[in-house]
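Visitor: Letter by letter, the chains look like this.
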Amino acid sequence: MEKIKLCCARCGFVIEEYNASELADVPRKAKRYKYLLQKSSICPSCLASGRLKETRVTEEAGAASTPPAQLVAPKSSAAAPEAVEQHPDSPTPMMDAISQGAWPSHAAELKKTKYPVQMYEQALQARATQWGYGGYVSLPGVAAGVLVRASARPDLSKGSNFVRIMDPCGNFFKTDAMRKICDIADKHAYGLLHLLSTGGDLEMLGIPTDQLKPVVDEIVQMGFDVGSTGDDFRTSEECIGPAKCDLALYDTLGFRQAWYKRFLDDIQYPRFPHKVKCKFSGCPNDCVRGGQKADIFVCGVFRDLPAIDQKKVKAWVRKGGDITTVCARCPGGCLSWHSKTGLSLDGDSCLRCMYCANKVSGVRPGGDRGVAILVGGKMRGKYGPMLAKVVVPFMKAEPPDYKEVFDFIEKLMEVYDEHARKKERVGDFLLRIGINEFFRLLGAPVSAHLFKQPRTNLFYHWEPEEIKDERGPVSTSTVKL
Amino acid sequence: MAVITLAGKEFEVDEDGFLRDPAGWNELIAKAMGEEEGIKELTEEHWKVIRFLREYYLKFGVAPMIRKLTKETGLPLKHIYELFPTGPAKGACKLAGLPKPTGCI
Amino acid sequence: MPGIGIPPLEDNLPPIVKRNYGKWISHEHPRPGVIKHDSESGEACYTVRAGMPPNARVSTQTLRKICDVADEFAEGYFRVTQRNSCEFVGVSAKRIDELIARLAQMGFPVGGTNRSLHNTVCCTGYLHCHLAATDPAAIMKAVSEMLLEQFQNDCLPAKLKISGSGCINNCGEGSTADIGVVGVHRDLPPIKEDKLKGCELPLVISVCPVGAIRPKGPGMVEIDPKRCIHCPACSVACAAFAPIGSPNGDGVAIVVGGKAANTGDGPAIAKVVVPYLPNNPPFWPEVTGTIRKIVHAWIACARKDERVGDWINRIGWEKFYERTGLPLSFKVMDGYDARALEYAKSNVQFRW
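Protein chains in written order, with my numbering: chain A, 10 to 490; chain B, 145 to 249; chain C, 38 to 389.
Think of the hints as simulated: they come from the structure by calculation, not from any bench.
Any given hint might turn out to be false.
Straight-line distance between alpha carbons at most 30 Å, and here's what the computed DSBU-like set of lysine-lysine pairs gives [as the list claims (entries may be wrong)]:
#1 K183(A) to K73(C)
#2 K323(A) to K196(C)
#3 K43(A) to K356(C)
#4 K308(C) to K368(C)
#5 K60(C) to K131(C)
#6 K102(C) to K196(A)
#7 K183(A) to K131(C)
#8 K234(C) to K263(C)
#9 K398(A) to K368(C)
#10 K123(A) to K102(C)
#11 K368(C) to K382(C)
#12 K38(A) to K382(C)
#13 K270(A) to K215(B)
#14 K234(C) to K175(B)
#15 K308(C) to K398(A)
#16 K234(C) to K153(B)
#17 K60(C) to K368(A)
#18 K263(C) to K330(C)
#19 K382(C) to K40(A)
#20 K368(A) to K356(C)
#21 K431(A) to K215(B)
#22 K308(C) to K382(C)
#23 K330(C) to K321(A)
#24 K321(A) to K270(A)
#25 K368(C) to K14(A)
#26 K320(A) to K263(C)
#27 K420(A) to K215(B)
#28 K398(A) to K153(B)
#29 K183(A) to K222(A)
#30 K368(C) to K38(A)
#31 K102(C) to K189(A)
#32 K175(B) to K203(B)
#33 K215(B) to K203(B)
#34 K40(A) to K60(C)
#35 K382(C) to K368(A)
#36 K330(C) to K38(A)
#37 K431(A) to K153(B)
#38 K153(B) to K222(A)
With the rest of the complex left out, here is chain A (with noise of 0.2 Å):
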């Protein structure tokens, strides 16, 4: 079967690749084929532009197609699965290949370790995961925390456990600690950690069984402590918050410690229908990724206007500060500069969005701060991601306690744990019951700032309760002309 490829002339990347066939029969193909014999293309592998160089090969029928040219990477330069550069013999090949290179390799820290490294080069030199179902551990006295991974190839090796660290606030590590925790990895695991999984916790892997309880002795005693498995509270994370950040709202570092205190047995007793992910960031610039991943999303807000100093404005754009493309950029559109009068905002367009607050040196948040809380976002759950809600679009945020929020979060864990069902996440459950339910069942206050636009359908079940004359009852005896 004759075949036509299409490549970059410079580094035979393959662009397009038909059947003589399909040229002949296929309209649509061949009218794309010269298309792009005609035009100026950009190498998707090497960035070359220019006119593509066309090839034409006989290949069995059923012959595997041209394994693709190689990424131009320095350093790298393996071609097919089972060449490597420079150890032909080498077990590993496939992570040989991937810890060659600039960025720092993942495969070449596992090699440093105990991790059994033949399940990972397998996996890629299959395709498939070597990672199995199954599996259970349960340490008694840790209700969450451990973890286990079963292995579907025993002669490789077995499952192994983990841990999950729950991480001091800022993610911010004394030398000293991380050095105790080596030395536990290296006792008891692997000797390979991952610094911060995507839930917030320092994962620590390898661990057989009857080391587990060591392990987390040891883990405690050095003063931290482990949890976010099963349906709790996981690990909340928080934005670096006042501890470097300008531009914080509130105080986050703060807020988690006292989240922790109010609610640990609910962090470390799992009993919700599904598990509950908190992220708490200190302004709108949702570093955390609150917005879109949160069950409970406590972002930092202010109500009113961005202060600008004129003066610290004026000096950063004298030494060249963009404020044009700021003004431009402004999504509501209400910023505009002049260098005499310096930068003026129309308050009614301002979104408070923090663009001008991260860009313009001189230009702060507003002082009447407080926190909103969003509510039901995720990345999977049953029906998808989904972006959080807005439930309360304002509410003071007092330290030490912050017991208003924390208040109303009790309440709102109430209503999803009394109506929702197992295994449905916060979004699914409000997706199921609707907002007008979930907010009858929460009572907190209707406000517009909840809305993005209220419904198109004119649908809508009234409940007879809410069918009254307020005129009084009508009477058919007597009507007085």
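We have chain A already, so just place chains B and C on it with the hints.
Guide: Leaving out everything else, chains B and C in the frame of chain A:
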């Protein structure tokens, strides 16, 4: 996969000690599993939990949610952890012959 | 439970942070990978940010070396950012060059701040997960390799975040990123009848998003092959429906336009633009090739501070597909979603 023998009858358990066939449960099995879990004696409170789990599972085909369990038995969650050190899902459900609880996702 | 929770706040905060907690008043980006904060007190804090291996996967050997560096340059503290890069906080201004050189020697590039490629985020994939349809760690390594210059320089229209997930459970947050890679399965799950007894069947039936699993007699279910969307929900609920996937069925989808910030057009979940690319270890050239096309089209015509999602909103999907040269397919419109028809356009605001 293993087999435990109790009072002359054989019961299959999976590699983690959960009953393969939840229908084949009886109270002796609960006692034997309890000993394995480190529970020396099953008190009346233990049985309250086990019986509630069993009835719910036979009726609905799923293990009950924790809230239901604590409400119906009147026992707070922390107390259930004292009765069953590995917890309601992993400990009590095992003793009641319910299916193994699922993973972390 | 031990009942500790997290260590007290003061235990792990470096002295410069404790001195100026809540007193920071401005920030600057003096050079790529370095952020400067000024405090009310007049003190300045320099932070140096380094890229980390994908999936933040480090050996204790390497971590100890990082601790040594932290002892020497940052008063014995370091931190991990929300995108898994490593930050040294409170580095002396005079020693920044030395630290960057030292990190380079150890194999860690410095960058990922302001308008650059930020450190990639991904989940475990083949490293440790039984549900993986692809290995996002290896893909993110190839992507970071390809875009190394963009990581080390403050040179893009706006910040660029790339994340990878091993399957559509999205633990790797592919759908939050400007450009995301999400592993997909395309096969039906098996039904291992001998394992069904150990399952909570009503739960399995209820977790299927499309209702493809139905009871078929006592203790038995069937899967409607026309409805199944190959997500691993049933496999997670019960081992009878596992393992799901096959080497030729599994692959990745490419999504674009995710964003968390409230600037520009606001937060958004990323959209599927390429429904399937095959797994091709160890470098996944089809995936990196596609990402390169998207990044270069974005660099070529986005305005300053215009994130990928905002850029596409402005130029429209017509121009996006034209300028990136990505193949078109109806498979990016429908999906099993209650809001499916909303993906079809209802106005005639076309761009030609």
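Visitor: So, for every hint listed, does it hold in this structure?
Guide: Do the hints match the structure? See the list:
1. K183(A) to K73(C): holds (21 Å)
2. K323(A) to K196(C): With a Cα-Cα distance of about 26 Å, the restraint between K323(A) and K196(C) holds, given a limit of 30 Å.
3. K43(A) to K356(C): Holds, at roughly 22 Å.
4. K308(C) to K368(C): With Cα atoms ~12 Å apart, K308(C) and K368(C) stay inside 30 Å; holds.
5. K60(C) to K131(C): holds (23 Å)
6. K102(C) to K196(A): holds (18 Å)
7. K183(A) to K131(C): It holds: about 23 Å lies between the C-alpha atoms, which stays within 30 Å.
8. K234(C) to K263(C): holds (25 Å)
9. K398(A) to K368(C): holds (28 Å)
10. K123(A) to K102(C): Holds: K123(A) and K102(C) sit about 18 Å apart, inside 30 Å.
11. K368(C) to K382(C): Measuring from Cα to Cα gives roughly 15 Å; hence the hint holds.
12. K38(A) to K382(C): holds (27 Å)
13. K270(A) to K215(B): holds (25 Å)
14. K234(C) to K175(B): The hint holds at about 22 Å.
15. K308(C) to K398(A): holds (19 Å)
16. K234(C) to K153(B): holds (20 Å)
17. K60(C) to K368(A): With a Cα-Cα distance of about 19 Å, the restraint between K60(C) and K368(A) holds, given a limit of 30 Å.
18. K263(C) to K330(C): Violated, at roughly 34 Å.
19. K382(C) to K40(A): Given that 30 Å is the threshold and the Cα spacing comes to 27 Å, the pair holds.
20. K368(A) to K356(C): It holds: about 29 Å lies between the C-alpha atoms, which stays within 30 Å.
21. K431(A) to K215(B): holds (16 Å)
22. K308(C) to K382(C): holds (15 Å)
23. K330(C) to K321(A): At roughly 40 Å apart (the allowed maximum being 30 Å), K321(A) and K330(C) break the hint.
24. K321(A) to K270(A): violated (41 Å)
25. K368(C) to K14(A): Holds - the C-alpha atoms of K14(A) and K368(C) are around 26 Å apart, at most 30 Å.
26. K320(A) to K263(C): violated (66 Å)
27. K420(A) to K215(B): Status holds; Cα separation ~18 Å.
28. K398(A) to K153(B): Not satisfied, since the Cα-Cα distance of roughly 56 Å exceeds 30 Å.
29. K183(A) to K222(A): With a Cα-Cα distance of about 25 Å, the restraint between K183(A) and K222(A) holds, given a limit of 30 Å.
30. K368(C) to K38(A): Cα-Cα ~19 Å, so holds.
31. K102(C) to K189(A): With a Cα-Cα distance of about 14 Å, the restraint between K102(C) and K189(A) holds, given a limit of 30 Å.
32. K175(B) to K203(B): Satisfied, since the Cα-Cα distance of roughly 23 Å is no more than 30 Å.
33. K215(B) to K203(B): holds (18 Å)
34. K40(A) to K60(C): Violated - the C-alpha atoms of K60(C) and K40(A) are around 65 Å apart, more than 30 Å.
35. K382(C) to K368(A): Violated - the C-alpha atoms of K368(A) and K382(C) are around 35 Å apart, more than 30 Å.
36. K330(C) to K38(A): holds (22 Å)
37. K431(A) to K153(B): violated (35 Å)
38. K153(B) to K222(A): Violated, at about 34 Å.
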